[in-house]
Every structure is written in C-alpha cells, then in structure tokens.
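Line by line, the protein sequences give chains P and A.
Numbered according to my numbering, the first sequence spans residues 21 to 329.
Numbered according to my numbering, the second sequence spans residues 34 to 645.
Ranges between beta-carbon positions, derived for each pair:
{"#": "1", "chain 1": "A", "residue 1": "48", "chain 2": "P", "residue 2": "33", "range": "50 to 60 Å"}
{"#": "2", "chain 1": "A", "residue 1": "452", "chain 2": "P", "residue 2": "239", "range": "53 to 63 Å"}
{"#": "3", "chain 1": "A", "residue 1": "143", "chain 2": "P", "residue 2": "28", "range": "20 to 30 Å"}
{"#": "4", "chain 1": "A", "residue 1": "121", "chain 2": "P", "residue 2": "239", "range": "15 to 25 Å"}
{"#": "5", "chain 1": "A", "residue 1": "163", "chain 2": "P", "residue 2": "173", "range": "47 to 57 Å"}
{"#": "6", "chain 1": "P", "residue 1": "222", "chain 2": "A", "residue 2": "192", "range": "14 to 24 Å"}
{"#": "7", "chain 1": "A", "residue 1": "472", "chain 2": "P", "residue 2": "239", "range": "41 to 51 Å"}
{"#": "8", "chain 1": "A", "residue 1": "336", "chain 2": "P", "residue 2": "28", "range": "20 to 30 Å"}
{"#": "9", "chain 1": "P", "residue 1": "33", "chain 2": "A", "residue 2": "348", "range": "22 to 32 Å"}
No lab work stands behind these hints: they were computed from the structure.
For each residue, glycine too, the CB sits at the ideal point set by N, CA and C.
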Amino acid sequence: MNFFIKKLLIVIPTLYIAWTVVFVTLNIIPGDPVNLMLGGRPASDEVRENVRKNLGLDKPVFERYTSFLINATKGDLGKSYLTRQPVTTMIKENMMPTIELSIGGLIFGVFFGVFFGIFAGTKPNSMRDTFSMIIALCGISLPSFWIGMMLIYIFGTTLGWVPIVGEGFVSLILPSITVGLFFAGGMARLTRSSLVDVLNQDYIRTARSKGISKYRIVLRHSLRNAMIPPVTLLGIQFGLLITGAVITEEVFARPGLGQLLLQAILAKDIPLVQALVVYMTAVYIFLNLIVDFTYGIIDPRIRLERNRG
Amino acid sequence: MVEILNVSNLSTAFQSDYGSKQALKNISFKINEGEVLALVGESGSGKTVTSLSIMGLLPNNAYIQEGNINLIDKKNNQVNILKLTDDKHNLIRGNDISMVFQEPMTCLNPTMTIGDQIVEVILNHKKISKTKAVKEMIDLLGLVEIPDPTQRAREYPHQLSGGMRQRVMISIALACTPKLIIADEPTSALDVTIQAQLLQLLMKLKNSIVSKTSILFITHDLGIVRELADRVIVMYHGEIVEEGQVKEVFDNPKHSYTRNLIQSLPEFKLEERKLNKKDDNKPTKVDDNEIILKIENLFKEFPVEKGFFKESNETVKAVQNISLNVKKNEVLGLVGESGSGKSTLGKSIIKLLQPSRGQIYFNNENISEYSNKQMIKIRQKMQMIFQDPFASLNPRKNILDTLIEPILVHNLMKKNEAINYIKEIINDVGLPIESLRRFPHEFSGGQRQRIGIARALVLKPEFIVADEPVSALDVSIQAQVLNLLEKLKKTYNLTMIFISHDLSVIEFFCDKVAVMYLGHIVEIAPVSKLFNSPKHSYTRALLSAVPKVKGKDKEKILIKGDIPSPINPPSGCVFRTRCPNPGIDCKGGNIEMGLIEVEPGHWVDKCCVNCN
Numbered sequence: 021m022n023f024f025i026k027k028l029l030i031v032i033p034t035l036y037i038a039w040t041v042v043f044v045t046l047n048i049i050p051g052d053p054v055n056l057m058l059g060g061r062p063a064s065d066e067v068r069e070n071v072r073k074n075l076g077l078d079k080p081v082f083e084r085y086t087s088f089l090i091n092a093t094k095g096d097l098g099k100s101y102l103t104r105q106p107v108t109t110m111i112k113e114n115m116m117p118t119i120e121l122s123i124g125g126l127i128f129g130v131f132f133g134v135f136f137g138i139f140a141g142t143k144p145n146s147m148r149d150t151f152s153m154i155i156a157l158c159g160i161s162l163p164s165f166w167i168g169m170m171l172i173y174i175f176g177t178t179l180g181w182v183p184i185v186g187e188g189f190v191s192l193i194l195p196s197i198t199v200g201l202f203f204a205g206g207m208a209r210l211t212r213s214s215l216v217d218v219l220n221q222d223y224i225r226t227a228r229s230k231g232i233s234k235y236r237i238v239l240r241h242s243l244r245n246a247m248i249p250p251v252t253l254l255g256i257q258f259g260l261l262i263t264g265a266v267i268t269e270e271v272f273a274r275p276g277l278g279q280l281l282l283q284a285i286l287a288k289d290i291p292l293v294q295a296l297v298v299y300m301t302a303v304y305i306f307l308n309l310i311v312d313f314t315y316g317i318i319d320p321r322i323r324l325e326r327n328r329g
Numbered sequence: 034m035v036e037i038l039n040v041s042n043l044s045t046a047f048q049s050d051y052g053s054k055q056a057l058k059n060i061s062f063k064i065n066e067g068e069v070l071a072l073v074g075e076s077g078s079g080k081t082v083t084s085l086s087i088m089g090l091l092p093n094n095a096y097i098q099e100g101n102i103n104l105i106d107k108k109n110n111q112v113n114i115l116k117l118t119d120d121k122h123n124l125i126r127g128n129d130i131s132m133v134f135q136e137p138m139t140c141l142n143p144t145m146t147i148g149d150q151i152v153e154v155i156l157n158h159k160k161i162s163k164t165k166a167v168k169e170m171i172d173l174l175g176l177v178e179i180p181d182p183t184q185r186a187r188e189y190p191h192q193l194s195g196g197m198r199q200r201v202m203i204s205i206a207l208a209c210t211p212k213l214i215i216a217d218e219p220t221s222a223l224d225v226t227i228q229a230q231l232l233q234l235l236m237k238l239k240n241s242i243v244s245k246t247s248i249l250f251i252t253h254d255l256g257i258v259r260e261l262a263d264r265v266i267v268m269y270h271g272e273i274v275e276e277g278q279v280k281e282v283f284d285n286p287k288h289s290y291t292r293n294l295i296q297s298l299p300e301f302k303l304e305e306r307k308l309n310k311k312d313d314n315k316p317t318k319v320d321d322n323e324i325i326l327k328i329e330n331l332f333k334e335f336p337v338e339k340g341f342f343k344e345s346n347e348t349v350k351a352v353q354n355i356s357l358n359v360k361k362n363e364v365l366g367l368v369g370e371s372g373s374g375k376s377t378l379g380k381s382i383i384k385l386l387q388p389s390r391g392q393i394y395f396n397n398e399n400i401s402e403y404s405n406k407q408m409i410k411i412r413q414k415m416q417m418i419f420q421d422p423f424a425s426l427n428p429r430k431n432i433l434d435t436l437i438e439p440i441l442v443h444n445l446m447k448k449n450e451a452i453n454y455i456k457e458i459i460n461d462v463g464l465p466i467e468s469l470r471r472f473p474h475e476f477s478g479g480q481r482q483r484i485g486i487a488r489a490l491v492l493k494p495e496f497i498v499a500d501e502p503v504s505a506l507d508v509s510i511q512a513q514v515l516n517l518l519e520k521l522k523k524t525y526n527l528t529m530i531f532i533s534h535d536l537s538v539i540e541f542f543c544d545k546v547a548v549m550y551l552g553h554i555v556e557i558a559p560v561s562k563l564f565n566s567p568k569h570s571y572t573r574a575l576l577s578a579v580p581k582v583k584g585k586d587k588e589k590i591l592i593k594g595d596i597p598s599p600i601n602p603p604s605g606c607v608f609r610t611r612c613p614n615p616g617i618d619c620k621g622g623n624i625e626m627g628l629i630e631v632e633p634g635h636w637v638d639k640c641c642v643n644c645n
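Take these sequences, add in the hints, and give me the full structure.
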C-alpha cells in the first residue's frame, strides 16, 4: 500500500503549485475586484476603501498570499468576494448537478465507446471498422454546443421526446449524450487500436489453438488485456467532466461547477477560484488513484511490481 | 501402421501489396499413429506455415491455394480440415490436434492464472463439471513435473520461469489427450539445460500416458531431430526436399541441401578444421607473452529498484569477483546459461557499463576508473559486435553513414579517404559496394550481421567483444559468418572475447573458454581440454545437454530446476542448489568460491574439485 500513500503525498506540492499559479495570474491580469463587484456603479473612495478593507485587499500582496496559505491549511478557504458566502458552501451547491452530468456522460461514453471499439477492432480495415471510426471521429471533433443544440432541436422541440429543461433523470439524458459523445469517440478509437494490438499477440494464437470460440477470445482473453490505455483515458476525461463542462452547462442552462468557475474568474474572485482549484486537484488525484488501482486489477504484473515497491 | 494425418498437395500463399508469394509449394506427407515426425529447415522454409495450415491458424493475409489435409479424429471419422468452418474446426483444435508454440514468454495470457488457462481447454472439449476439470488440471501440472501444483495453478504466467511456462503449454496441449501434438520450436527460446529437461519430459510422456499420440516436431536444430524423431522431413523454400527415417537421412543424405545443412553444423566444421589444420602450416599464433587484457577481481552489481522512501539494499549480483587474462591474438569464449552474467561482463570490460569494483588493464593501462571522455581514445582500440544485428543499426541511416561516423568522430581520415577505406572494409566482410547506399531493413539477417562486423572493424581495433554474434542466424548463415570472423581475425590481427550460449560454436571458434554461472567463472581452460575433460559438474552438464547429431547417445547429466535469482544467490558455492553430486561440505553453503589450477592453464572452482 506504500504505493498509494506515495500517490496521496503528491497532493501537497501539486496544490501548492496550483494555488500559487492561480494567485499570481489573478493578481497580474488587469481589473480590480472591487470595481467588478460594484458592477460599474459609482461609489465614493471611502466606500471603496471599506470594501477593500473588508475583503482584506488593502494588505500587501505577499501578506495576502501567506495568510491564504495559512488559512487554507487550517481548512478555511475563505469567503467569496462576490457573494460573501463561504466558498465551500457555494461549491457544495453546484457539485451535485456536475456529478450527475459527469456520471451520465461516463455511462453513455463508456458503453458506446467500448462497443464501437470492439465492433471496429475485431475486424480491422473492414467496412464496419471504417464506419465506426468515422462516428468516433465525429464524436471527438463536433463541438459540444452544436451537438447540444442539435439534440435540443431534434429530440426536444421537433420530436418532443424529452423535456429540454427541468429536473430529474429525464432532463439529464440530452446533456449526458452531449458530453458522452466526446467521451465515446476517444474511448472507441483507443479501445480499437489496443484491441487490434492484443489480438495479434501470441497468447491469442494459443487461445485459438485451444479451439475456443471467437466471442470468448474477445471477451475473456482480449478485452482485459486491451483495457489499460482506455482506462487511462477514462481517468483523464472523467476528470475533465467532473470539474465542469462549461459549454454543455451553458447550452442546457444547467447549474454546475463549470459555470461557477467561469463567473469566479471573470469577477477575479480569488478565494472562489482557489477553492475550486482545491476541489479539482482533489478530484484529479482521487481519480488517478482509482485508475492506478484499476491497473492492478486488470494486470497482475502491475500488482506484483507494487508489492515489491 | 495407422495413418492419422494425411497432407496432400498443399499449397499456401501470402497475399501482400506486391502480389502473392507462395510459402508452401505442393507438399504432401503423412503422420502415423504414435510417431514423432520432425520437420526441419531454416527460417522461411515453410515449417511454421505448414503447422498453422493444419491448425487453421494462418494469419489473415495467408490463404490455402489447393490441397487436402485429412485427419482421422478421435471418433475414427475422416475429416478434411480445410473444408471445415471455423466453428467446426474449433471442435478439433485443442481436442484432436493441439499445439505447443515457440515463445513461452508471450504464449500465455498474462491476465489469467495458469490453472484457469488449462481448465479452459478441458471445459471447452469435455463435458465435465468444473470441480472435475480443476482436479484434472492439477493432475496435468503434476504430470509435467511442476512442483507444488495446487499453489502454482493460482499463479500468473509472469511468476513462472520460461521452462515452467513451457511445461504449462505442454500440459495445455496434453489436456484432451489429442491424436496429434504440433510442437513448433518448443525449446528454441530456452537454455540448453532447460531444453534437455523439457525434451526428456516430452519423451517420458510420449512413452507413457500418450503413447498413441503423434508428435509433429518443428525445429531448426538437427541435434534434437537425431535424438527425438523417428522420421524426418527436410524443407527448403516451401518444398519438401527429403523425407525418411532419421538414421537414414543423417547417415546418407540424398539431397544436396540436406548434405549442406548437416555439413554446416559447427560440430562438423570442427572436424573439417582439424583436418585442415594439419595442412595449414601457419596457424594463428597466440603470443604467450603479450597480455592485451587483464581483469582483476571485477564486480558488477545493479541496485534493485525499490520504493520511494526505502533505500534499496538489495543488488543484482551480475558479475562476481572475476579475474582473467586475454593474450594477443587469442579468442576467449564466454559460455553459460542466460542470467549467468556473460553479457554484463562483456559490456563491463569495454566499459559500456561502469564496473562496481575491480581493475581492468588494457595494454597495461588501467582503464577501470576512466571517465567516458577518457574512454573515447581507448574505444578506438576496443569494439563490440552485438547480438541483434537489426536493433543495433540505426534504421534511418544508410550503411555508409553508419560506418563513416566513427571515423569522423575520431578524426582519423578525411571524408573521401574514409569512403574509399569503407569500400575496402565492406568488401572484406563480403558485401557488394552498392550496399553502402542502402538502409538496414533492406538486408537479410546474415548481411546485417556482416554490417555489424564492418562497423566494429572500421576503427581498426585490436580487441573486440562479440556478444552472441551468430545466435540470431540460421545454421548455414551462422557457418558463413563464423568463417568470415575467422578470416578477419587473421587479417586484422584481432584479439577477441566471444560470448555465446552455444557450445558447439564456442568449440569451433575459440582458443580458450570460460564457463560462467551466476556471475562467477567456474571453469576456464583451453578449448580442447574443456571439451574433452571437463572438470566442473556444471560444465559437464552443459556439455551433455547439447543434442548432438554425431556420436552415440550418452547418458545425460540433467541439472535440476532453473538458475537461481542473482539477487539472492546461494551462499558458498553458487552451483550447489543444482549440482548433481554435491559434497557434504558444499551443501551447507560454507565453502568459499575461487579458481584453482588443476593442470597448466586449466582452472576449476575449488568447491567442485573437492567434491569430485
């Protein structure tokens, strides 16, 4: 388990670097958070000074930087400049919709990605291979705002099969497909190439020499061996989703972390951005751990290496 | 005699972008019940294509043009394999005909336990319960002499050595007691000692439980054919050129190709050379006084990669306390199983690896502590020939660029001078001048090794380390390259260290031999002494493990098990765990290793001298 502890410890330097980068960039880019808060309304210098003092912006940059770090280690990530709410509350409020969307996208993406990957990979350079890969290419390259709007137009307005707005499971279908298509495209391509590779291995020939049916060869002998690259991609893509799919959220007018982050950056709301960075880093590292753990389940050789280390 | 498989007029071809190429040209043969039929030939002769045609496992770009393959299956029906659908063929594969493949390292599924992989084939063909199949699987593992079968069944392929994996492959092939087992070079990737163990096992099984099963044994090794087979078929360029009883074919080969094949074996070459030597009035003289290379107490240890926090205190003890001298114009052979440290020693000597401890004197100059920069000058005098001629040539450079680079780096000549000089060398290694403009992939294996040799020669070195230079080549090509090396050795006045696992090659080419085991030299002697009166048990076992075409069958000295891990070698004499006749003292592991001179120039590890 040494291996996983090592992975967890990487959180500390990663967070530190991420915070510093966020802090520095948000201080360098032009624009005053107080002005942005006031939204262009006229205010006396006195009021401005007060706000500044309230937010702690009157202190020198270096002091703000260190006090943020110190508070953060105590677990206090501060309050949003914009809403004066604790940032953790704001994140919590927006987290659920994002997680729902991510899981929806994941299920759709993995299912269709792996399906088309196997469909294409078991018969490379055939018609069905070309067909599947064209679909996968579309999934990757078509912009999600376009896909989202087309889905709304076709299934929402014209056919009226699914509600466009609203809550609950049904309203999740179209956004899930939108994010999932991108997911599925990458998964399909990677599953295909990995499977083609595995099917040329010596042990597949051995399996065939035993007289095993081709379905069993794909499902029992090939798929597990072919899954390492797709699982890696899965981790990265799921990480992207769960930190917020801004465009999809925008198109379907859903709340979510993507929206929140966008607003926070535009308002130079440093505490909120910092807190979101904490959240994202934690998610990425957690996902990485899961991916690494899955490697061990898939391939016993990787398990062995870890037990040694 | 009952015929179980009849191949008639079989032609198989490969389709490629350049048109189709015939791999098998109208071949016909039959296999009788219970016989061992050997299929020999060099790479590209169509041996494997024949077996894959029978198995129905040809790659997608290959197809059968015509012919019939008739099998008498277990129910005594005659079936034409080529007319079967894939699903029907699956009923035969693994059941009536099974196969053992060449590469034990890659032939088993890395994500399934070996038990599951054996059970799978049993359940696929027999209608029995899972528990019964598991029981059969454990019995099979016992049958192929895998120790502790219940435990091993739960392990994955990577936890087993190559020899053990091949035993698992054999048990998969045996699982349904087939009519025919096709063994495609089953031992070629293994050490001779392990090969001897496996061949003995195969014959034992053949003579006991599967006596009615026939074996189609595909190999390039004529020695194995002689020891194992009843009948032999010789293939050349997709055709059968000779067929007959083994003894007949070997004693009285009819086809010129067969004769050549047998004659090009190093053991025959050796005899020829002995004959020639009588006429040759100026043999290579080894200068007894001039020592080119002297090694004292050389060690090379690699740290074992460990965790993030833990400092590793384990090391791979690859080379242990080695001292030796190489005289001018001498060829010293290094021989041993894989994992014995031969290559590491070779690389440490020319300092491609920095030795951990010990001294290396080259022309009386102590180079052991030289930095890479200081070595540049020395490297001009010491060069290396690598095993894999393809992987060791840069694929994006043409031959001229590859060969001219060292000359320009060392600033030995101007460019046009160098080109002329390279033309001479390329001529010396027996390649046409046009080759200079070509790229490595355009050459055959033998030609590439000639390029590798030319590359080592361009700097006119005095000393060359040749690391398995002919192992990747076919027998006839091997003979050509060895002859070339022999010739160049004289013209260029070379002193060499010649690393090989192939004892017959060593006997043919070297003056002196050092036998290595787990990083130690256990015996070192002039070639004739070592081969005629070996003193160390390991040397004896190695020598007896080699299948020989000539000579009577001697009782083999088999050594048990696999080479131990060099991370935790046995204490005392490292060979004691596998020694056929260990003494009481060395069993306890209290004896220190070290060479003593038993006869002038013949040094043996003292442990073994005491035991015998």
